[in-house]
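Trainee: Next come the chains, spelled out residue by residue.
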Amino acid sequence: MLRPERMSRVLIVGPRDLLEPAILRLHGLKAVHLVDYRGEDEGFEIGKPLPRAAEVSENLVKLRAIAATLKVEKPTEVVPEVPADARPRILALEGNINEEEGNRKNIEGLLSDLDRKVEERRPFAALGLPFELYHGYDRIAVLAGTLTKDLPGLDPVAPHHEVFRAEGAVAVFVPKEKEGDVRDFLGRHGFTQVDVPEREGSPPAVLAALEAERTKWRQRLTEIEGRLETLRTKYATFLLSAEAGLEVEIEKVEAPLRFATTEHSFVIQGWVPSSRAQALQADLASLRGVHMEAEAPMAAPAEHHGKAEPDPPVRLMNKGSAKRFEFLIHLFSTPSYKELDPTLIVSLIFPVFFGLMIGDAGYGLLWAGLGALGYAKLKPGDFRNLMFVMMVGGLMAAIFGLLVWGEAFGIPFHLKVPSDIAAQAAVNPAAASFRYVEWTREAAHELTWACGDLPGVANPCLGISAPLYPLMNKLQKPDVVVMLLLSLTAALIHLGIGFVLGFVNEWGHSKKHALSKIGWILALVGLFALILGGVKPGCDTARDTGLGVASHCQYTYFVGDTILAWANLDAQVTIPVLQFAIPLSSLILLIAAAAVVMATESPMAVMEIAGVLANMVSYGRLAGIGVAKAATASAFNTVIFPLVLGGSLGWVVFGFVLLFLAQSLVFFLGAISAGIQAIRLNYVEFFIKFFKGNGTVFHPFGARATTEV
Amino acid sequence: MAEEGLIALSAAITMAGTGIATAWAEKVVGGATVGAIAEKPELFGRGVTLMVLPETIVIFGLVIAFLLLGKIA
Numbered sequence: 000m001l002r003p004e005r006m007s008r009v010l011i012v013g014p015r016d017l018l019e020p021a022i023l024r025l026h027g028l029k030a031v032h033l034v035d036y037r038g039e040d041e042g043f044e045i046g047k048p049l050p051r052a053a054e055v056s057e058n059l060v061k062l063r064a065i066a067a068t069l070k071v072e073k074p075t076e077v078v079p080e081v082p083a084d085a086r087p088r089i090l091a092l093e094g095n096i097n098e099e100e101g102n103r104k105n106i107e108g109l110l111s112d113l114d115r116k117v118e119e120r121r122p123f124a125a126l127g128l129p130f131e132l133y134h135g136y137d138r139i140a141v142l143a144g145t146l147t148k149d150l151p152g153l154d155p156v157a158p159h160h161e162v163f164r165a166e167g168a169v170a171v172f173v174p175k176e177k178e179g180d181v182r183d184f185l186g187r188h189g190f191t192q193v194d195v196p197e198r199e200g201s202p203p204a205v206l207a208a209l210e211a212e213r214t215k216w217r218q219r220l221t222e223i224e225g226r227l228e229t230l231r232t233k234y235a236t237f238l239l240s241a242e243a244g245l246e247v248e249i250e251k252v253e254a255p256l257r258f259a260t261t262e263h264s265f266v267i268q269g270w271v272p273s274s275r276a277q278a279l280q281a282d283l284a285s286l287r288g289v290h291m292e293a294e295a296p297m298a299a300p301a302e303h304h305g306k307a308e309p310d311p312p313v314r315l316m317n318k319g320s321a322k323r324f325e326f327l328i329h330l331f332s333t334p335s336y337k338e339l340d341p342t343l344i345v346s347l348i349f350p351v352f353f354g355l356m357i358g359d360a361g362y363g364l365l366w367a368g369l370g371a372l373g374y375a376k377l378k379p380g381d382f383r384n385l386m387f388v389m390m391v392g393g394l395m396a397a398i399f400g401l402l403v404w405g406e407a408f409g410i411p412f413h414l415k416v417p418s419d420i421a422a423q424a425a426v427n428p429a430a431a432s433f434r435y436v437e438w439t440r441e442a443a444h445e446l447t448w449a450c451g452d453l454p455g456v457a458n459p460c461l462g463i464s465a466p467l468y469p470l471m472n473k474l475q476k477p478d479v480v481v482m483l484l485l486s487l488t489a490a491l492i493h494l495g496i497g498f499v500l501g502f503v504n505e506w507g508h509s510k511k512h513a514l515s516k517i518g519w520i521l522a523l524v525g526l527f528a529l530i531l532g533g534v535k536p537g538c539d540t541a542r543d544t545g546l547g548v549a550s551h552c553q554y555t556y557f558v559g560d561t562i563l564a565w566a567n568l569d570a571q572v573t574i575p576v577l578q579f580a581i582p583l584s585s586l587i588l589l590i591a592a593a594a595v596v597m598a599t600e601s602p603m604a605v606m607e608i609a610g611v612l613a614n615m616v617s618y619g620r621l622a623g624i625g626v627a628k629a630a631t632a633s634a635f636n637t638v639i640f641p642l643v644l645g646g647s648l649g650w651v652v653f654g655f656v657l658l659f660l661a662q663s664l665v666f667f668l669g670a671i672s673a674g675i676q677a678i679r680l681n682y683v684e685f686f687i688k689f690f691k692g693n694g695t696v697f698h699p700f701g702a703r704a705t706t707e708v
Numbered sequence: 000m001a002e003e004g005l006i007a008l009s010a011a012i013t014m015a016g017t018g019i020a021t022a023w024a025e026k027v028v029g030g031a032t033v034g035a036i037a038e039k040p041e042l043f044g045r046g047v048t049l050m051v052l053p054e055t056i057v058i059f060g061l062v063i064a065f066l067l068l069g070k071i072a
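Residue numbers (numbering that gives the first Met the number 0), protein chains in the order written: chain A, 0 to 708; chain B, 0 to 72.
In case anyone wonders, no lab produced these hints; they're calculated from the structure.
Be careful, since some hints might not be right.
[Said to hold, decoys possible] Derived lysine-lysine pairs resembling DSS-like cross-links, with alpha carbons at most 25 Å apart:
#, chain 1, residue 1, chain 2, residue 2
1, B, Lys70, A, Lys476
2, A, Lys691, B, Lys39
3, A, Lys376, A, Lys322
4, A, Lys29, A, Lys318
5, A, Lys322, A, Lys511
6, A, Lys148, A, Lys104
This is chain A alone, in the form it adopts within the complex (with noise of 0.2 Å):
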């Protein structure tokens, strides 16, 4: 599950008449990842495509043509077959596409050129003139066109004139000496000359004669896009199923390109999965005169030293949910075939954070739900895993949402008293009552499921009592600072891991590097140690930690005494120069950090340790966003419920549509965000830990290529 499938390098060598058959095999069997060979060798060279590809190409050439012109749309599923009459069958197409195509031109062209004339002589047929008045003066010049504004009397222009109006069209007869005065006034006033045509007739007769011929020529051209249509239809299967087994069989007429050659044999490299190399070999021996050689499995960290060797492809070995998470580190990067792959990791993580953000049983459900939907419903692929993955982390929101939050859609399904005022309750019940009043004055305004919880709070609720009581309330300071608390012991186990996964990686490769790993730990765990260093083992109410009266005692319901006591957060020391206070455990892992990390990296590396703290106080996020996305939620609701709680039936009705519009923002946003944090987690704080990547995707000969050849 952690490690990519094992490969073996294999070269398969045959006699140069047996490769056709070799290619089929390989490409029926698809278990080898072809590795290309690029001509490095002495005495082999390229090989040369088989005799038929011309053939092939020029087909599939013919093909996506037809199926360019005929505009056949592509679906997703497609069964590649290729017709044995498939070339006379493209031809024949080709041929009749190619005449209803032309005509298809010509015809398009004609009705640009109708559409042009009809257009010019539309001013002609308004003005009512026969053609035959606007030629044949010897001192009178004719302007002729359209008009879009008023025009206003020619007489400071040309006193002899003679003006003729319709609806947007002009006819101007002056005398030839004023031509050009006039010309420039028309044109002031948004006049277009239109060229007289050399004819003669009445302009309607002539309009109505080029538009009959225009009806002709549409008709005709609908009558050619109705047989391509008819033609589409007919071999839409036809020609997607012949492109898609064209594009299989070039990809095994093509193959000897990537094959070394000599006159006589073929070498062809590659790796396969070293689980089936020995029925591989079997199936091959079928074949007289064609050998295969496998080599044992590639141990993981394999190092060939000096010469660079390539590393194998990767398939990843994940099994069941962990596989639909694969996609998210593919995005990132393949994991080279040397490292540790941290599907199965990310897919146990992942969840676990995005609930601990969103940490709403009313938005985690519906992330469940709509993600199961989607699972269930769209086509293989990275978007159907995406929704899986967003199952799975509603169904752990709402975890979280109804056993630790105990709330649904920003609502808690009861108040809760802050846990400073309970904590205080048994050490000072005086201070704690004055408090506890003083609280419910705020908390009268806070809406929650259910109703008349505390004795002495009226605040507004929907009257839906579950027996689901908040462990922690997002907006309830002391709580917050339990959160931060759980978001860095979070960080400690993420990074913890991450450290560890670099120290296998390393291991292979330098003892040196995995050591230093070790170092990171201490330093990692030191620092958790520093900041926890006011956190004591045991409810001590009376002591301010300076992350607020009583988290510890929250946080130590959480994680447990046990640890606290063990790291022996009491006993400190007191740095002399600073003034400032360490815990002793805190102090001896990190200078036992430093001196590692020094040993084995460099004396520059200790200012790294800062970097570790920064990593961690960056898990902050998982906090951070929780109380984000639940104040914005409280806030609509607040503002809101008011509205569809009472008032009149308009009031109700405008409420409900201004809450599913501000809860459905509270869902999407939320979700991005949480969706994004979490998973920078993995990539930024986690990956960089042990994760280089860089892998090539294991492709075998033979499986169907996902983009065009």
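Model the placement of chain B on the given structure of chain A, informed by the hints.
Mentor: Leaving out everything else, chain B in the frame of chain A:
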């Protein structure tokens, strides 16, 4: 009372300052990242990693703001 107000203001300034710093840093990195991804989609993982790095600034701000608010009794 005045002291509490100052603490609350400090927390607000911390959030605003780190928020603006993060936004500015992500703007610079994000622009370049989107450009790089358009050319080479396989850079997505590394691009996102680089782009979200400055987010840590505002998380620091958040933690400090909480610690400051913890001082208000």
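Trainee: Check each numbered hint against the structure and report the violated ones by number, ascending.
Mentor: Per hint list: 5, 6 violated.
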